[in-house]
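*Asks:* Single-letter residue listing:
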Amino acid sequence: MADSFYGEVLADHNLHPLHRHELESANFVCKGLNPTCGDDIELHLDIRDGRIADGSFTGIGCAISQASADIMLELIIGKTPDEARHLKDLFMKMIAGEINDDELDELEEAGALQSISKMPARVKCATLSWKTMEKLLNDAL
Amino acid sequence: MHLTGEIMMNDRLFDKDNFPVFSKYKDTVYLDSAATTQKPMQVLKAVQKYYEQENANPLRGLYELSVKATEAYENAREAVRAFIGAKSSKEIVFTRNATESLNLIAYTLGREIVGNGDEILVAVSEHHSDLLPWQMLAREKGAVLKYLEPTQYGEYTPDMLKGALTDKTKIFAIAQVSNVFGRVNPIKELAAICHENGTLIVCDGAQSVPHMAVDVNELDVDLLVFSGHKMLAPMGIGVLYGRQELLEKMPPFLTGGEMIEYVTREGATYAELPHKFEAGTVNVGGAVGLHAAIDYITELGMEAIEKRERELTSLAFEGMKGIPYVNIIGSQNATEHSGIITFTVEGVHPHDIAAIFDADNIAIRAGHHCAQPLHSFLGVPSSARMSLAFYNDSYDIERFISTLKTIRGRMGYGR
Chain A
1242 MADSFYGEVL ADHNLHPLHR HELESANFVC KGLNPTCGDD IELHLDIRDG
1292 RIADGSFTGI GCAISQASAD IMLELIIGKT PDEARHLKDL FMKMIAGEIN
1342 DDELDELEEA GALQSISKMP ARVKCATLSW KTMEKLLNDA L
Chain B
27 MHLTGEIMMN DRLFDKDNFP VFSKYKDTVY LDSAATTQKP MQVLKAVQKY
77 YEQENANPLR GLYELSVKAT EAYENAREAV RAFIGAKSSK EIVFTRNATE
127 SLNLIAYTLG REIVGNGDEI LVAVSEHHSD LLPWQMLARE KGAVLKYLEP
177 TQYGEYTPDM LKGALTDKTK IFAIAQVSNV FGRVNPIKEL AAICHENGTL
227 IVCDGAQSVP HMAVDVNELD VDLLVFSGHK MLAPMGIGVL YGRQELLEKM
277 PPFLTGGEMI EYVTREGATY AELPHKFEAG TVNVGGAVGL HAAIDYITEL
327 GMEAIEKRER ELTSLAFEGM KGIPYVNIIG SQNATEHSGI ITFTVEGVHP
377 HDIAAIFDAD NIAIRAGHHC AQPLHSFLGV PSSARMSLAF YNDSYDIERF
427 ISTLKTIRGR MGYGR
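Same order as they appear, the protein sequences are chains A and B.
Residue numbering for the first sequence follows this note's numbering, beginning at 1242 and increasing consecutively.
Residue numbering for the second sequence follows this note's numbering, beginning at 27 and increasing consecutively.
Derived from the structure by calculation, the hints contain no laboratory data.
Treat the hints with care, since some could be wrong.
[To be verified] The calculated DSS-like cross-link candidates involving lysine-lysine, where the alpha carbons are at most 30 Å apart (straight line), are:
| # | chain 1 | residue 1 | chain 2 | residue 2 |
| --- | --- | --- | --- | --- |
| 1 | B | K52 | A | K1359 |
| 2 | B | K431 | A | K1365 |
| 3 | B | K347 | A | K1359 |
| 4 | B | K275 | B | K347 |
Please put together the full structure from these sequences, using the hints given.
*Replies:* What follows is the structure in structure tokens.
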């Protein structure tokens, strides 16, 4: 069997996402679209007592957009909105190729998407869920 | 997987060596010719020669170089006329591309003949360039935009059209070959039905003119558009064919230099056809390139091109059908795909499909192919597309098939 094209971490999050489902408790929902790719996701967050208590995503997209959304949710559930925004900033720095090693550690599994900084055609796929999350937080709070 | 001997040993014009891009990208398999074709040396040289030896602003200069430039430009127009069987070179208008040609038609003819409550009928498989100009026109005029839907195999029949036309249908727009289905539509029959109904037919030839013999009189279409860059010519040169009496009735599109006869402070009279529609300094280099492209295609022979492309298509099609989880969109019969095969791989997003092909140096297209309403109709968000031209060979198809076989595995399935 050939090695996974995008690596095991991304393949796994794409094929077996933990957070890809509806979320009844969600009190905030935001859509994210990459019209030219056909990536179309919906982010659902349950924000209470100043924390992201739970979250999920639905919709369709390429492996990178799906894996990125799943990894992001894994990271931000339990965090405060400000912590989530901070992680988003780090993620954007990583994609821009400007991140240092300490910052990369903070991103945990999302570091698996670092190679996207060298794939300009896929930047929009990787950042879709993160931008959607930021928009949701800005609209919500 | 081998092509018949006759084609394999066919003359040098089929040869990739004529296409300089392949000497730089030796290992690249180019299967995106429906987006744009590669350019043969003969075309590139013709353009260079024009700029080196004949360049001046055409159509008005009173000196030798300008006369040469005018000749080069008008010879190209005549070559296009002969290529598509138009009666007069006045019926050939140079534009930037098929998109501009379609916009020109909607803005000029469309505004003249479509009124409040009238209907415009568009095949739902149309490229956005043959859809948005009509959408805008309908909105502007208070007209109704209706869609003709094919079968799931991409087939449009004369009966379907009969059922969709009303006495209010002013225009019917359809591609001769859809850039997604790759299927040849029965334009001649459809045109006859339109004309019985007093409806004009606008035919998008962007995917047909480069790959099959197209004769506008035989088809009896009112208007036909195509792009040079999809048929070996440079980008930025396209064609609008229109029946002369129709073009004569149409007001100008863009206004400015080279399209006027006489201008006063209050008004202007416009140049004769086809210059009325060619405002500003024209793209002579592009037209010369298109002329050289037509010469290249003519020398090869459209029949030989069609035969070779059919064989390559069927080679690819048969290979694809044998692969589990690969679904071909449209007809399930290879002969109904004119060099275009659009497909999905179950569980793999088309962008990932294209990325894996790219990693193996194979260029294919992924997305909605500028046909979003069609993808909604088909119920697939997006798809992948391989499209070929005569410069492809059986080796290219073998490479395509062997990568296609690995896609699900490389996405992590089946381990």
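*Asks:* All hints are to be evaluated individually against the structure, with a verdict given for each.
*Replies:* The hints, checked one at a time:
A hinted pair counts as satisfied when its Cα atoms are at most 30 Å apart, and K52(B) with K1359(A) qualifies at roughly 23 Å. With a C-alpha separation of about 27 Å, the suggested pair K431(B) and K1365(A) falls inside the 30 Å cut-off, and the hint holds. About 35 Å separates the Cα atoms of K347(B) and K1359(A), which puts this hinted pair outside 30 Å; it is violated. Proposed proximity of K275(B) and K347(B) is contradicted: the alpha carbons are some 50 Å apart, above 30 Å.
The structure is inconsistent with the numbered hints 3 and 4, although it conforms to all the rest.
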